[in-house]
Amino acid sequence: STMNGLDEEAMAPQTFLYGVVLEAGKEVVFNPDDNNLEHQLDLRMACVDPSTKDELHMVEVEGQDTEGLKVKAVLVTLKPSTLPSVCLGGFTITPPAVFRLKAGSGPIHISGQHLVMVEADQSFSEEEDED
Amino acid sequence: STMNGLDEEAMAPQTFLYGVVLEAGKEVVFNPDDNNLEHQLDLRMACVDPSTKDELHMVEVEGQDTEGLKVKAVLVTLKPSTLPSVCLGGFTITPPAVFRLKAGSGPIHISGQHLVMVEADQSFSEEEDED
Amino acid sequence: STMNGLDEEAMAPQTFLYGVVLEAGKEVVFNPDDNNLEHQLDLRMACVDPSTKDELHMVEVEGQDTEGLKVKAVLVTLKPSTLPSVCLGGFTITPPAVFRLKAGSGPIHISGQHLVMVEADQSFSEEEDED
Amino acid sequence: STMNGLDEEAMAPQTFLYGVVLEAGKEVVFNPDDNNLEHQLDLRMACVDPSTKDELHMVEVEGQDTEGLKVKAVLVTLKPSTLPSVCLGGFTITPPAVFRLKAGSGPIHISGQHLVMVEADQSFSEEEDED
Amino acid sequence: STMNGLDEEAMAPQTFLYGVVLEAGKEVVFNPDDNNLEHQLDLRMACVDPSTKDELHMVEVEGQDTEGLKVKAVLVTLKPSTLPSVCLGGFTITPPAVFRLKAGSGPIHISGQHLVMVEADQSFSEEEDED
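Residue numbers (the numbering used here), protein chains in the order written: chain A, 1 to 131; chain B, 1 to 131; chain C, 1 to 131; chain D, 1 to 131; chain E, 1 to 131.
Certain hints may be false.
Identical chains share a label here; the pair holds if one copy fits it or two copies do between them.
[Stated by the list, open to error] Capping the alpha-carbon separation at 25 Å, the derived lysine-lysine pairs in BS3-like fashion look like this:
1. Lys102 <-> Lys70
2. Lys70 <-> Lys53
3. Lys72 <-> Lys102
4. Lys53 <-> Lys26
These are calculated hints, taken from the structure and not from any lab test.
Please put together the full structure from these sequences, using the hints given.
Printed below as a string of structure tokens:
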């Protein structure tokens, strides 16, 4: 175990809490800078809060498609008086990704798990370096 | 690793972002053209956006049943003022599939994960070819 | 691979699209007639359509309990103006099963995945027959 | 295979349909009496029916915590005119458990899968008994 | 097997019922004090009850991020007349964590499974201590 919350020797994914707040004109980037570790988000919930204006809010996520090209997808659409919370059911996000409000002024809260594991490739190359 | 986002040596499925927009009279086909790779969609969310008319929208998906025959199923029904987002909970789509609006003029956003893995059959036949 | 969509040599479950429409007075039976294959439904969504009357619709499923006796369970209750779609979250149905509307005149759409796999018992008995 | 729906030789869990109806003043106990089998519920849906009064209904489940002490938890809160169905997303219940309505007069329907598997402990002790 | 509900020899996670009630000004801590066991919550449902005031209630969870730093995330937002129950879809919480109401006076009920397993690290060190 290390000083921080991460046990770097573990092969199985370790689970941390993830939460962000989205507001108009503010992007949130998910692109952890780690050499040896693989990162993934399992998004669980999207929620308004009492200060969220009663209009339709739409959250967009930008990531990569199978060609390595930039792709945009709508993650969730919420309105405080109609649907204040939505279960995202484990929507998996692999880095690099960007979250932003495409409609509405927010705030909108996104939460879930941040999974961290030793990257398969990396562990193989370490073995090759040993001799 | 290759030039694009895909690591072709990996056996475990790799996860990419998938997002489409459905509008009246426009079909979206999911039928990736790959020899060596198996593709699958894990659909997570269906959402309206602020430009979606306040009427009932119904999304149909067309795929194959166990006899190899064409089968249609209703994926989701949304209305902006009643239910602006629905969790699809990992609805699995195997190619070839077609998405279309059966009711409503859209736009309706469908999102989730695009999984890519080396096809089991393919990897076996490659071993057989080696001798 | 065979003529139809099914690869009979595969041990892992294969995934097909499943969709049915329920209307008053019409039962839908799920009881595939196969000697060597195991069938299962993973139900994902229940949805109204624009022709569904604005009343409470209740879907019942009839299957077997652990004693082999007939058991009935409520799968979902929908009303177009309140809840036009519901995620069923992977409700697993093993054959034989029957779906019917217990309330409301429909139509109600049920969709999900039809999983097919080589039955464990069957594969064992084939090995025993070989000598 | 046995007379009933259960194959007692199987090690993998077998899946049966489970459905109960809750009404005011009526408790439903889940405590299967089996020596060799492990039982579990994966609850999927909670639903009102057309005869359910339009008031808030709250379902409580009573089970055991990690100390072996009795613990109560709220499973779901439904109201016919607001939320006639809720996906429970695979809420796992291990016996002994009791379901009851803590508010509302019902009926409320709870459904899901009843999983049965050979208990790990039991199978080990049988091996020990063999000598 | 032990006196309480926990079988300490098991390696696979054991599942117990978990339920808490959140009220304004009251924090609920999840931080089991065990040397040999790993604990995790799989949260399934958040629900109002008939005594919950008809206002927006927001539940916050506080945990640790990948740096070992304190992070806050919004778990769910509920309002009795709009959304009396929300499926949390298996939101995983690892200790130490704290639940609290950030908005609304409650009560709000959170429920799910409490998983307990022998910690991987711990089992390895016990083997090393044996000589």
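Status of each hint after checking the structure:
no.: 1; hint: Lys102 <-> Lys70; verdict: within (16 Å within a copy, 29 Å between copies)
no.: 2; hint: Lys70 <-> Lys53; verdict: neither (30 Å within a copy, 28 Å between copies)
no.: 3; hint: Lys72 <-> Lys102; verdict: both (11 Å within a copy, 24 Å between copies)
no.: 4; hint: Lys53 <-> Lys26; verdict: within (17 Å within a copy, 27 Å between copies)
Hint 2 from the earlier list is the only one contradicted by this structure; the remaining hints agree with it.
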